[in-house]
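Peer 1: So the chains spell out like this:
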Amino acid sequence: MDNTTSTTIVETHSLTKRYGSGVLAVNSVDMSVRRGEVYGFLGPNGAGKTTTLRMLVGLIRPTSGTATVAGHTPGSPASLARIGALIESPGFYPYLSGRENLKVVADMASVSQKRVDEVLDMVELTSRAGRKFGTYSTGMKQRLGVAGALLKDPDLLILDEPSNGLDPQGMAEMRKLIKDIGAGGRTVLLSSHLLGEVEQICDRVGVISNGRLVIQSTVQELLGEKGVIVRAQPADLAGEVLTRMFGPEAVVREDGYFHLKTDPGQSLEINRQLMASSIGVSELRPFERSLEEVFFQLTGEKQGS
Amino acid sequence: MIATIKSEWRKNRFRPAFLVSSGVIAAITVLLYGVSWYQALNPGTAARRAVSILTLYPDQFVNNVMGAGFPLGAAIAIVLGALIAGSEYSWGTMKTSLTQGPGRLTMWFGRVVAFEAWMGIITVILFVVGAASSVVVASFQGHTIAWPALIDIAKGFGTIWLVFAVNGAIGLALGTLIRSSAAALGVGLIYVLAVEVIAVRFIDSINSGAYQWIGNLFVNQNATALTQSFTSPAFGPSATPAISADQAVVVLFAYFAGLVIVAAALIRRRDVT
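Protein chains in written order, with this note's numbering: chain A, 35 to 339; chain B, 1099 to 1371.
Calculated from the structure, these hints are not laboratory results.
Hints may contain errors.
List time: in silico SDA-like cross-link candidates among lysine to any residue, alpha-carbon distance up to 25 Å [stated by the list, open to error]: (1) A/K175 - B/S1278; (2) A/K148 - B/A1101; (3) A/K175 - B/G1190; (4) A/K175 - B/W1107; (5) B/K1104 - A/S131; (6) B/K1104 - A/Y129; (7) A/K166 - B/A1101; (8) A/K148 - A/D189; (9) A/K166 - B/G1190; (10) B/K1253 - B/G1218; (11) A/K175 - B/R1277; (12) B/K1104 - A/Q147; (13) A/K166 - B/L1117; (14) B/K1253 - B/V1122; (15) A/K166 - B/T1191.
Sample of chain A residues at the chain B side, in silico, Cβ under 10 Å [stated by the list, open to error]: (16) R95; (17) A115; (18) D141.
We put the beta carbon where it would ideally sit given N, CA and C, even for glycine.
With the sequences and hints as input, model every part of the structure.
Peer 2: Shown next, in the form of structure tokens:
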């Protein structure tokens, strides 16, 4: 198999990790990440995200199951040569500057020292690169971690909760950085419990809960069809008008509301037709399930708990 | 392996622990010479063993620096080893290193090579400062400056490096085993300064010393014997050591290899969580 042209870059089959204490951290996960996509790995804290990612980079050995990363066994030099990873918090030497830390990593990865300045520029840390890592803010540490992951110019970038501990501005900057990285055709495997982040950045998502991958699909598939919600009086007459407009299959009446399976761009026309039939419209809004709703439904967690 | 050694060297060359240790070993050597010089010129009461001024001249500096190298230098080596290995876990740099590409064993052996090179540098500092101090004493005393034979300097250098290497390996192995620098250096120092001494005394006392040979296999009994083999009539009469220098070298090398291999096995097998 030509590993550089294969459509999937990460493939796991029944990947399982059971710790000595008997805790089943990852339970038979079948996951596939396609080349060139930004894949969101979603799950609540303790769901098994980090353990799965650690197995993909060879830090942890699976109890059973198999995985291939860039066509090779996880943790093998051939596999690691094509991966950049930031697992949990960035690990650097506090007494060295950001630049010196990256040089240490570059030496370890047999990467040219010239690349250090390139990645510092990519994460916009050049002006602070001379400061000691121990004095960095959380946001700067995370960005240096991403820079370290980019050093090898990897095919696959694995980022484990890169927005952890960042303030809203830092999170927005990190999102932009990941979007830019993904836009360059590089595959990004992003683990997060921030649903908004995943919804905005990712092409496909996998949701893990209690160690099991409960679903894997595109964000659009997961969110389902878009629609329009209407509340109008008299309701029976409104039902006739809407059915005439979209057909009986596209109109669902529930709790005094009409759920219309149609493009929210039709809202103006819906309003015009209802008004033309002397129907009073008290509510008309686009309907779209949020990833948050889907996530809580899939993981069985309670919203706001 | 070369890439790993380069990386280890780069991160250690500005490491405060190494720079401070180098300064401490130099200061200890100067202090040792200063105090001994004072004692040689001011013998005081008979209760304290007299120091001969002859031991402080350049021709005796190899024998003299052994006192700074062991046990104080050895304790510093344990601290450094524990810091180097243990901090990789507490700073999260272990996972950074392991995701870069070189295999776990390559990374470990590269780390050991770079660390032992630093032990060599600290040994050089000890010898240079010792030699310089002996020249200062000889100059002030108006004594001719004569140096030991090169082969004796080389043997002495090898001895101190071996003692530092083994004790450093104790620190490295403990740091790897415990995955914490503070706990590792605490355990290492307690072992060297207390546990081994008590254990050997106890073993020696059993059945009128019938099991003394077991005590003679402990790591720093051999380090003591090896460093004490560097003596001369200028230092006065000395008891014949229970362990020969040749045996001590073999035992210390065995400890060094054993500790490095055990730590390598731990690094190879264990999950990095």
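Peer 1: Which earlier hints turn out false for this structure, listed by number in ascending order?
Peer 2: Checked against the structure, no hint fails, so every one of them is satisfied.
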